[in-house]
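Engineer: Listed below, chain by chain, are the residues.
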Amino acid sequence: MDRRTVLKGLAGAGGLALSGGLSAPAIAQGASARTLRFVPQANLANFDPIWGTQYVVRNAAALVWDTLYGIDSSLVPQRQMVESEQVSDDGTIWTFKLRPGLKFHDGEPVRSKDVVASLTRWAARDPMGLMITALQQELTAVDDRTFKWVLKQPFPKILYALGKNNSPCAFIMPERIAQTDPFKQIGEYVGSGPMKFAKGEWVPGAKAVFEKFADYAPRQEKASWLAGGKQMLVDRIEWIVMPDAATAAAALQNGEIDWWENPIADLVPVLKNNKNISVDIGDPLGNIGSFRMNFLYPPFNDVRARRAVLMAMSQEDYMRSIVGDDNSLWKPLPGFFTPDTPLYSEMGGEILKGKRDLDAAKKLLAESGYSGQPVTCLVAQDQPITKAMGDVTADLLKKLGMNVDFVATDWGTVGSRRALKTPPGQGGWNMFHTWHAGADCTNPAPYTAIRANGDKAWFGWPTSPNTEKEVSSWFEAKNLDEEKAAIGRLNKAALDDVVYAPTGFFLSYTAWRKNISGIAKGPLPFFWGVSKSA
Amino acid sequence: MLSYILRRIVSTLPVMAIVALFVFSLLYIAPGDPAVVIAGDQASPEDVERIRQSLGLDRPFLIQFGSWVWRILHGDLGTSIFTNLPVSTMIGQRLGPTLSLMMVTLLLTIVVAVPLGVVAAWKAGSFIDRAIMAFAVFGFSLPVFVVGYVLAYVFALELEWLPVQGYTPLTEGFWPWLQNLILPAVALGCVYIALIARITRATMLEVLQQDYIRTARAKGLGQGGILFVHALKNAAVPIVTVIGIGIALLIGGAVVTESVFAIPGLGRLTIDAILRRDYPVIQGIVLLFSFVYVLVNLMIDVTYTIVDPRIRY
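Chains P and B, in that order, are what the protein sequence lines are.
Be aware that the first sequence starts at 1, since it is given in my numbering, and climbs by one per residue.
Be aware that the second sequence starts at 1001, since it is given in my numbering, and climbs by one per residue.
Simulated from the structure, these hints should not be mistaken for lab results.
Computed from a predicted structure; not experimentally measured.
Please note: incorrect hints may appear among the correct ones.
Claimed, not checked - Simulated coverage check for chain B against chain P, where a stretch passes if three residues somewhere in it have a Cβ under 8 Å from a Cβ of chain P:
{"no.": "1", "stretch": "1022-1033"}
{"no.": "2", "stretch": "1083-1093"}
{"no.": "3", "stretch": "1153-1163"}
{"no.": "4", "stretch": "1264-1272"}
Here a beta-carbon is modelled for each residue, glycine too, at the ideal position from N, C-alpha and C.
Please construct the entire structure, taking both the sequences and the accompanying hints into account.
Structural biologist: In structure tokens:
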């Protein structure tokens, strides 16, 4: 081999590349106008909405799989795949009939046996599903379009459970897919929703493509969140994952993408100044910031220490660390439930209102017996929200005279370490930060973080019998007034015992090109009714 | 030569084995748990544990390592915990963009850096030399992502000449392919252009002092011939070495560049896999990168024999 041979080889390879490349076609203009290019909030790394319960998976799944009922923008479940339902007088036997003409993407009709298998798999992973399963006598297919759910005692929230938008949603899959172990991932992505998943074009972590399902039979009612007619006005939706926010902002300004689900607050002013871009609140249900204190170990095994932190904390500090100076993006939250929703309550919220009393908080902390032991505070630095809140908390604890062991790490590590029940000095923890989607905090059903049943509760393992009692009261409530009363008492009990510390309510923006219309505000991006002009 | 290449390839096997053991052990002891990520924020500890069991992550280290090695020996890199796709398929999807980026960057680097270095050496001490070396200092100093943002702002947002992000396969046309790679390649190439230009200058300065160069001048040979035929040929060995090292370093640089320009390459796949603790993907990519490093070193050694016939193995 000599130099000339190498050079000839290189030239040949270059020529081959050129000759092969020049003849390729470009995308036609019409196709571009029928394709919606969307940047989701996160990477769609898997696509089983029961196995993986991340919001981004649910959002994509809502295109491909349909639900029996759908929550509308008033938070009321409406029929979706179901044509009618009947309930026995004692409330224990539910008989459902499916709409005619429902088809899966493989051409097979949707049958009751598919519904039974899907609900069985969903119920094994969903908190409300588990509650129904505990009451279940049988779930059977009566005929191809009718199925029956027989319970040992009434479960008034059953339609809400079937239509809720909290993850995991009760998506209906073909029986052969739904029979997969709920703790194992499905391998086929066949649904009966308005879009088909183009598995061949899926580059996990980079791109997911959905194509219009020609045989989809939308309802005739106007679309409202997961309810009503899911009319698709584009033929193709491309989910383009962009890890860098500045790149996404530039791509939106340049017209390379059409809709960016979650622009970060820092870049919103730039987008607002662009005449081709619309910016508005994406999800009116927003998010609730929180940090959780570990009930198992000192100092936070004493309610006085937990209340001392609550007395001293300023929600405004937390919220400004997340949203900056934009006052329209946050609200104080003297409670646990999503503001401006029917069950919102401030009962018992005095401890979070008014001027912060650091001296009283210090006194209460001293009464709890705190004597300077390290407080292990886990803070995920790769999540801007938790990082911002963690910095505020560290400052707060120092002002209270606490000895802060600030563990700056990534979300993956926080996720596994928070599950440890060992003492803080042996790998455990005292506090960690997170946030909850407002849609999950409208009532206790999907609200795992509000539960206070000790060992069975969410991380931090709070114990508060009064809180649990009022959760049960809500489930048993027969009308809205009873529900409201139960939630008021629940809010007070959870604040009295400090199940967790709410740091405030915050909203975020969504942004799109002005040639896109029909974007609805809601807890997830709804693509039905969205159109694109050239 | 052929036996030398074969010997070198065989000698990579123990290297790869050590890398495999090292990577597997490191991931095993590293904090984090993919089951937690899969289960989502609202999952109960029991759900997380059941997912761990279904993924086989609760098995002892030696059993996990043994079954992984067994699969590797059968040419199976495993299946991604998250996507349920074979790791080889995921790597295959990402190979094209990364190779394209590296190829264009390397080409750009060589085409720009070597002439710059030669000219700087030729005009040593002059304004041109100082300007080139000042550029080299800038190239070294500016982080890739800063250069990337500035380039995207100027050439994509302001001038609208090139796209901000993305990747188009070569099969969809040469220009669509190239236009997505120009900005990332320039951003990524800056540091390597600086490095290679400096090395070329230093080596050329030494060669230009040699007697045979003086002889060539005395015989009336043109400046171009002296610089690019006689001098550069004899300065090539260290330049080739640095270019080879640069190829290896490009892999690391591609991680940042692919994120800034939203190129779906191996760099982004690596970052995503690490953040989610997708162990089979991390292991597969590290093995691949290790193999590429070894291969690049072998190619450099072979290239020596082409640029300098005195070198024989």
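Engineer: Confirm or reject each hint.
Structural biologist: Hints, one by one, checked against the model:
Coverage of the stretch 1022-1033 of chain B by chain P holds [criterion: at least 3 residues with CB-CB distance below 8 Å; count 3]. With a threshold of 8 Å between beta carbons, the proposed coverage of the stretch 1083-1093 of chain B by chain P holds, since 5 of its residues qualify and at least three are required. For the stretch 1153-1163 of chain B, the stated coverage by chain P is satisfied: 5 residues place a CB nearer than 8 Å to a CB of that chain, which reaches the threshold of 3. Only when three residues or more bring their CB closer than 8 Å to a CB of chain P does the claim for the stretch 1264-1272 of chain B stand; here the count is 5, and the claim holds.
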